[in-house]
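Model the full assembly from the supplied sequences, consistent with the hints where possible.
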Amino acid sequence: MSTSTATPRSAPPAPRTGTAPRRRGWQVSTRIQAAVLAAVFLIAAVAAWQLAVTLEVTSSLILPAPLDVADSLRAGLTPGAGSWWGDIGVTLQTTTIGFFIGIAVAFVLGTLLAYVEVLRMAIYPYVIFFQTFPKVAIAPLLVSWLGYGLTPKAVIGALLAFFPMFTNTLAGMSEIDKDELRLMRSLGASRMQEMRLLRLPNTMPYIFAAMDVALVMSLLGVIVGEFVGADAGLGFRIQDRTAFGDTASVYAVLLILGVLGTTLHLLMVGVKKAVLFRE
Amino acid sequence: MTHLTDVGSATLGSVGEPASGSDGSIYIDQLAKTYERPKQDSVQALLPVDLSITSGEFVSLVGPSGCGKTTLLMMIGGLLDATQGEVSVAGEPARAAHPAVSIAFQKSTLLRWRTVMDNVLLPAQIAGTLNAQTKQYARDLLEMIGLSQFENRYPHELSGGMQQRAAIVRSLIMKPSVLLMDEPFAALDEFTREMLNDELLRIWQEKSTTIVFVTHHIPEAVYLADRVAVMAARPGRLLEMVDVDLPRPRNEDMRQSPRFNELVGRIRAVLQPEVNGAAE
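First to last, the sequence lines map onto chains U and F.
Residue 278 is where the first sequence ends in numbering that gives the first Met the number 0, and the numbering goes up by one at each step.
Residue 279 is where the second sequence ends in numbering that gives the first Met the number 0, and the numbering goes up by one at each step.
FYI, nobody ran anything at the bench for these hints, they're computed from the structure.
Ideal Cβ placement from N, Cα and C applies to all residues, glycine included.
Hints should not be assumed to be uniformly reliable.
What the hints assert, rightly or not - Have a look at the derived ranges for each label pair, beta carbon to beta carbon: (1) R247/F to R184/U: 27 to 35 Å; (2) T128/F to L180/U: 20 to 28 Å; (3) Q39/F to R190/U: 29 to 37 Å; (4) R190/U to P257/F: 51 to 59 Å; (5) D49/F to A121/U: 43 to 51 Å; (6) A186/F to W48/U: 56 to 64 Å; (7) E174/U to G145/F: 29 to 37 Å; (8) Q135/F to I175/U: 25 to 33 Å; (9) V104/U to S51/F: 50 to 58 Å; (10) L36/U to T128/F: 57 to 65 Å.
Unchecked claim - Reference listing, derived: stretches of chain F covered by chain U, where coverage requires no fewer than 3 residues with Cβ under 8 Å from a Cβ of chain U: (11) 101-107; (12) 124-135.
So this is what it looks like as C-alpha cells:
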C-alpha cells in the first residue's frame with residue numbers, strides 16, 4: 000500500500016504477564032517525572048518568550064508579549080461583538096462537513112475497489128497521482144468556482160480527509176488473512192456475510208487510524224480555504240488580524256487552532272475506544 | 000439441530016450425534032490436481048489418488064511439504080477444484096459448505112474481534128441456525144474441552160493450544176460427520192500437541208465423526224489414525240496406505256510400544272528415499 004497509509008496496531012499485544020512491583024513503581028514515578036518535566040518545558044518556553052520581549056530582541060509585530068496574547072485571547076473569547084466564537088463555529092462546522100463527506104466517499108470507493116480488481120487496477124494510477132498532488136494548491140480555483148461561502152472550504156477539507164481514509168479502507172478490506180477467507184468459504188458465507196462478519200470488522204482498526212488523520216487533514220484544508228477567500232472562520236481571522244498588524248491576536252487564534260486540533264484528536268481516540276473491541 | 004435431544008444433561012456422549020444421517024464416508028476416485036503455468040512445465044500437485052474412507056474412520060495424511068496432502072484435503076473439503084477425478088462425501092459430490100463437512104485450519108483462524116463463544120457460534124450464525132440449543136451445545140463442548148472459563152475471552156488472551164481447542168470446538172458446533180484437519184497442531188509445542196492429540200481422540204470417540212488429519216509429523220499420524228496415507232512430493236502422490244493396528248483407546252504408553260515404533264519406522268523408511276531424492 001502507499002506510504003501515507005496510517006498503520007493500525009496490527010498485532011495484538013502479548014498478554015500481560017505479572018509485572019514486578021518494583022518495575023511498576025518505577026513506571027508510576029516516571030509518569031510523574033514526565034508530567035513535571037512537561038510543565039517545566041512550558042514555563043521555560045513562556046519565560047524565554049517574555050524575556051525576549053522584555054529585551055526587545057525583535058519588534059512586537061513579530062513577537063508580541065505573552066500577556067498581550069492572553070489579553071487578545073480573552074477579548075476574542077468574550078461573547079459579544081468582535082468575538083471569535085462565530086469563527087470557531089464556522090471552521091468547526093466546515094471541518095465536520097468536509098470530514099464526513101470525505102470519509103464517506105472514501106469508504107464507499109475504497110470498499111468498491113477492494114472488491115472489483117479490474118476497477119482497482121484502472122483507477123489506482125489516478126489515485127496515486129492525486130494523492131501525491133499538493134491538494135491545497137487548488138484552493139484558489141475552488142473558491143473562484145464555488146464562491147466565498149462554506150462550500151469550497153468543505154470541499155478542500157473533504158479532499159484532504161479522503162485519501163488517508165481511502166487507502167486504509169482499501170487496505171483493511173483487501174488485506175484479509177487467507178485462512179480466514181477460506182474459513183468463511185468453508186462455512187458457506189454469502190458475500191454479504193463475508194463483508195459483515197469478516198471484512199468490515201477487519202477494516203475497523205484501519206478506519207479509525209485513518210479517521211484520526213483525516214480529521215486533522217480536514218481542519219488543515221478548511222483553514223487554507225479560508226485563507227484564500229472567506230468572510231468568517233479562523234483562517235479568515237488570521238488573515239484579517241495579520242492585515243491589521245494585530246500579531247497578538249494571530250498568536251491567540253493559532254493557540255485556539257492548536258487546542259481545536261488536539262480536542263478533535265482526543266474525541267477520535269474516545270470514539271475509537273468506545274467502538275473498537277478490546278485489544 | 001433436530002438430533003439435539005437431551006441438551007443440558009451431563010452425558011455429553013449422547014449429545015453429539017452427527018446431524019446429517021451420520022454418513023461420514025468419503026470416496027476418492029482418480030482425484031488429481033495439476034497447476035498450469037504459462038511458458039513452463041505444469042506442476043503436478045497431486046497424481047491420481049484412489050481412496051475410500053468409511054464412516055467414523057480416522058485417517059492421517061502424512062508426508063513432506065509439497066506432497067499434496069493439503070491439496071487433497073482441500074479438494075475433499077470442496078475449497079479446491081480437482082483437475083480430474085471425483086470425490087464424494089456422505090454420498091454427495093464434494094463442495095464448499097457441505098453440511099456434513101467441517102474444516103479446521105493450521106492457524107486457529109479465530110476472528111480476533113470476537114470472543115471465544117462468538118467464534119464458536121460463527122458457523123451457526125452464518126447458517127442461520129443460531130438458537131438457545133446451539134448456545135447450550137457450544138457451552139457443553141467448551142466444558143468438555145476445558146475452556147468454560149474462557150468463553151468470554153478474546154483469542155489473543157488465550158495460549159496457542161487454547162486457541163486451537165476453541166477452533167476445534169467451532170468445527171464441531173454444526174455436528175459434522177466429516178472433520179477435515181489441516182495440520183491443526185503444527186504450530187504448538189510438543190507437550191501441548193500430545194495433550195491435544197489425546198483430546199482429539201476422546202472427542203472422535205464420543206462423536207463418531209470421520210476425521211481426515213493432515214500432518215508432517217509421523218508419530219502424530221500413527222498415534223491418531225486407523226490408517227495412515229503416506230505421501231511423497233515432486234510430484235505429489237500417495238505412496239502407501241499403512242494400517243495402524245494399535246488397540247483403541249490409545250494412550251500415552253503406546254508411544255513407547257514396540258509396535259508403535261515399528262510403524263513409525265516403517266513410514267519413515269517409505270519416505271526416506273523420497274526425501275533424500277528430493278534433496279539432491
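Verification of the hints:
For R247/F and R184/U, the hinted distance range of 27 to 35 Å is satisfied, since their beta carbons lie about 34 Å from each other. Checked against the hint of 20 to 28 Å, the C-beta distance between T128/F and L180/U comes to roughly 22 Å, which is consistent with it. Restraint check, Q39/F to R190/U: a C-beta distance of roughly 34 Å satisfies the suggested window 29 to 37 Å. Our hint of 51 to 59 Å for R190/U and P257/F holds, since their Cβ atoms are close to 55 Å apart.
A C-beta distance of roughly 47 Å is found between D49/F and A121/U, which places it inside the suggested range of 43 to 51 Å. Separation of A186/F from W48/U is about 58 Å and conforms to the stated range, judged on CB atoms against 56 to 64 Å. Taking the beta carbon of each, E174/U and G145/F are about 34 Å apart, inside 29 to 37 Å as hinted. Separation of Q135/F from I175/U is about 32 Å and conforms to the stated range, judged on CB atoms against 25 to 33 Å.
The supplied range of 50 to 58 Å is met by V104/U and S51/F, whose beta-carbon atoms lie about 57 Å from each other. For L36/U and T128/F, the Cβ-Cβ distance of about 59 Å falls inside the hinted range of 57 to 65 Å, so the restraint holds. With 5 residues having a Cβ less than 8 Å from any Cβ of chain U, the region 101-107 of chain F passes the three-residue criterion, so the hint holds. Residues of the region 124-135 of chain F lying with their CB closer than 8 Å to a CB of chain U number 3, which satisfies the three-residue condition for coverage.
Comparing the model with each numbered hint stated earlier shows that all of them hold.
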